[in-house]
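Trainee: Sequence:
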Amino acid sequence: MTKRSISPDGDFVPSADERTFFPQLQLDNSPAAKKAPALEAHYHGHRDRLRARYRESGDAALADYEILEMLLFRLIPRKDTKPIAKALLARFGTLAGVFGAPIALLQEVSGIGEAVALDLKLISTIGHRTLKSELRQKQLLSSWSAVIDYCHAAMAYETKEQFRILFLDKRNTLIADEVQQKGTIDHTPVYPREVVKRALELSATAIILVHNHPSGDPTPSRADIDMTKLIVETAKPLGIAVHDHIIIGKDGHVSLKGLRLF
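One point on numbering: in full-length UniProt numbering, the residue at position 121 of the sequence shown is 121, and numbering is uninterrupted.
Quick caveat, the hints were computed from the structure, so don't treat them as lab data. The C-beta atom is built at its ideal place from N, Cα and C for all residues, glycine as well.
Straight-line C-alpha distance at most 27 Å; calculated BS3-like pairs for lysine-lysine:
hint, residue 1, residue 2
1, 229, 250
2, 236, 257
3, 250, 160
4, 170, 132
5, 138, 170
6, 121, 182
7, 160, 229
8, 79, 121
9, 82, 250
10, 170, 229
11, 86, 250
12, 132, 197
13, 257, 132
14, 170, 197
15, 121, 132
16, 250, 132
17, 197, 138
Just the calculated beta-carbon pair ranges, DEER-fashion:
hint, residue 1, residue 2, range
18, 123, 47, 17 to 25 Å
19, 67, 182, 25 to 33 Å
20, 64, 191, 39 to 47 Å
21, 146, 97, 15 to 23 Å
22, 183, 134, 25 to 33 Å
23, 129, 238, 28 to 36 Å
24, 191, 55, 50 to 58 Å
25, 221, 123, 29 to 37 Å
26, 63, 194, 42 to 50 Å
27, 216, 182, 12 to 20 Å
28, 186, 136, 26 to 34 Å
29, 259, 139, 21 to 29 Å
30, 216, 169, 32 to 40 Å
31, 78, 126, 23 to 31 Å
Using the sequences and the hints, build the whole thing.
Mentor: Put into structure tokens, the structure is as follows:
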């Protein structure tokens, strides 16, 4: 349980968790308590108006910072969250950038502590898993946009390279989704024999290779192309097809199969 203390004038001293907690149901006749409604009214009324706009007109009626602000109402109930929402978007550019940002960088924004940063990442995880659930029981080759959306959400804002493999059965439905390797900002070690070995273990008949470029530019390197060809050559004699190798950047993606690079 989060600890709180009371100052000599009767006020609660904020804990390390910037969300705090709602006060206990007890009468507080201190001067600070009597002034509290007037101090809080300026954003409580604003919150009610935002909620009403969202309820009546949906998300199209709200700017990105207002959507983020409404979320922060719940995470930081006793603070004006408009400047925090605007600061997050100014720092990370987009809503996707905010939710994709590492916890440590989120905490560099004034008003965001560890607890709220973790909550934002939890919401991001829920989004990733929702997209992933859309891939289940679908033929991935006929649901390509969903594959790209999922991979972009999961990997585009990672600060280090990841090498992910989607393992498919003979119907091209998803058996497993695994991050096989994690590397540095510009390199991930990939071992073709390990890729094929894992596919055999899962009885996969096809795979889709995916990795991200933290620089944001999804243009394939010579090493990316050579590695892909080597995996194709290793997998083919064992009856495992490589459907594609997708490179994910912040603002887009590249398909090596689409570019006819293997």
